[in-house]
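Asks: Just so you know, the sequences run in chain order A and B.
Position in the first sequence (from 1) plus 603 gives the number in the working numbering.
Position in the second sequence (from 1) plus 19 gives the number in the working numbering.
By construction, these hints were calculated from the structure, which means they are not laboratory data.
Warning: the hint list may mix true and false statements.
[Claimed, not checked] Below are the EDC-like pairs computed for lysine to aspartate or glutamate, each with C-alpha atoms no more than 20 Å apart in a straight line:
#	chain 1	residue 1	chain 2	residue 2
1	A	K933	A	E627
2	A	K729	B	D87
3	A	K675	A	D742
4	B	K105	B	D87
5	A	K933	A	D913
6	A	K904	A	E927
7	A	K915	A	D976
8	A	K817	B	D54
9	A	K956	A	D623
10	A	K700	B	D87
11	A	K817	A	D793
12	A	K700	B	E74
13	A	K904	A	E929
14	A	K700	B	E57
15	A	K729	B	D69
16	A	K824	A	E875
17	A	K675	A	D630
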Amino acid sequence: MSGVRVLVGTRKGAFVLTSDGKRERWDVSGPHFSGWEMYHLKGSPADPNRIYASQCSGWFGQIIQRSDDGGKTWTQPGTPPGERTTPEGTPKGESNKFVYDTSAQTGKPLTTHMWYDGTQHPWEFKRVWHLEPSPSDPDTVYAGVEDAGLFRSTDGGQNWQELAGLRGHGTGPRWQPGAGGMCLHTVILDPSNPQRMYIAISAAGAFRTDDGGKAWRPINKGLLSQYIPDPNAEVGHCVHHVAMHRSRPNVLFMQKHWDVMRSDNAGDSWQEVSGNLPTDFGFVIDVHAHEPETIYVVPIKSDGEHFPLDGKLRVYRSRSGGNEWEALTKGLPQSNCYVNVLRDAMAVDSLDKCGVYFGTTGGQVYASADAGDNWTPIVQHLPAVLSVEVQTLP
Amino acid sequence: MIRVILPGHLRALAHVSAEVQLDVQGPVTQRSVLDALEAQYPMLRGTIRDHVTQERRPFLRFFACEEDYSLEPPDTPLPDAVASGKEPLLIIGAIAGG
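Produce the entire structure from the sequences given, and follow the hints as far as they go.
Replies: Below, the structure written as structure tokens:
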């Protein structure tokens, strides 16, 4: 019988939640990496037992963890516990080495971006926000990092190389951090075209490559932000998250700082589809597994008040690809709820009916086994949830 | 034999439960001890000092014999008591938060 595995990253460890296809009873495993910030965990579509995890700490920096048995055991890639580095052996302890490429070979070595005060500031690696495994190769995985950059590993996370064309394509010196840091938080791989990828950066905007990551261009036309006077600004947009349905890789949905947006031409242009949302500020956005026009957001009151409007936790669903939205409330708290739902903290499974999951900064992970009609908390008292990903298991 | 006491999170990462003991060739300094530590426990590379610059991470401190050696140059010899194994080198995570 098929089942699901929900990978939850929190401020103080990772949790693995598993259930059968009914999604009624859940086993909770964790905390894994207790006490560490777990920004993101994601499984390989090519091998569901292969899971990558970003573990970090203000004291000890970045660690990459990998599981080859579905989250039961973990190792730092290339560094099995107890195995020593030998002079003739393969390099070990490199899986957390993220070094920006400033070589002349990139053509445009770039070492500064815009700081909050408008001055130029050196690029400084801080952490991995998002890990995106390849749909076809378990050993290939992308890492979106802060300060914004995109790295790739082709050896299962043992070594990382920057795709420097992104920072070097020309607008890099104008990128500026958002309030959460200058993070590359979204990585989307086009399942129909291995050469095409989308990424998003706060607060630079969305970018696309059509040649496997060598050349990049901003795809922010149509994004309008009150704090950017120039309506044609190429970069500077605070994109919070982008989602795509794998059957229609040219259609993108975006939760911007304010505004829910849609593109039907691979990001070449965007139009607003906020429609009747009670507020169009928010972080998460996702697409139903089987209905590419059905999308989900969690409206948040404002950028100054990061909690749901009126203390009511409501997921909004549009079955028309935006503009017309319905509130989904059954099973969700409808009074005195002041949690946030962060940008990587919503995911869907591909069972029938589609399961939808999201985590809150209050430590709840909610699940719906019927595409959002009804919700139940799987767990209620975890540390603040940073990310939620779902694997649908055979 | 050099003795090193790690903070709890790094002990978990290195899969050790108590202090670690290291063979250090030549002068016993911050650099030589950390080189030996990372050779024996490569999963700690990058967690105590930066991969590239080899600088101490800002929120970690090095103590020995009740003295703070964090700001000493990395090739400064550590106390004889550390070199002889009588006293450990302590790697401590700064108390931050409040």
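Asks: List, from low to high, the hint numbers that the structure doesn't satisfy.
Replies: The structure breaks hints 2, 8 and 10; every other hint is satisfied.
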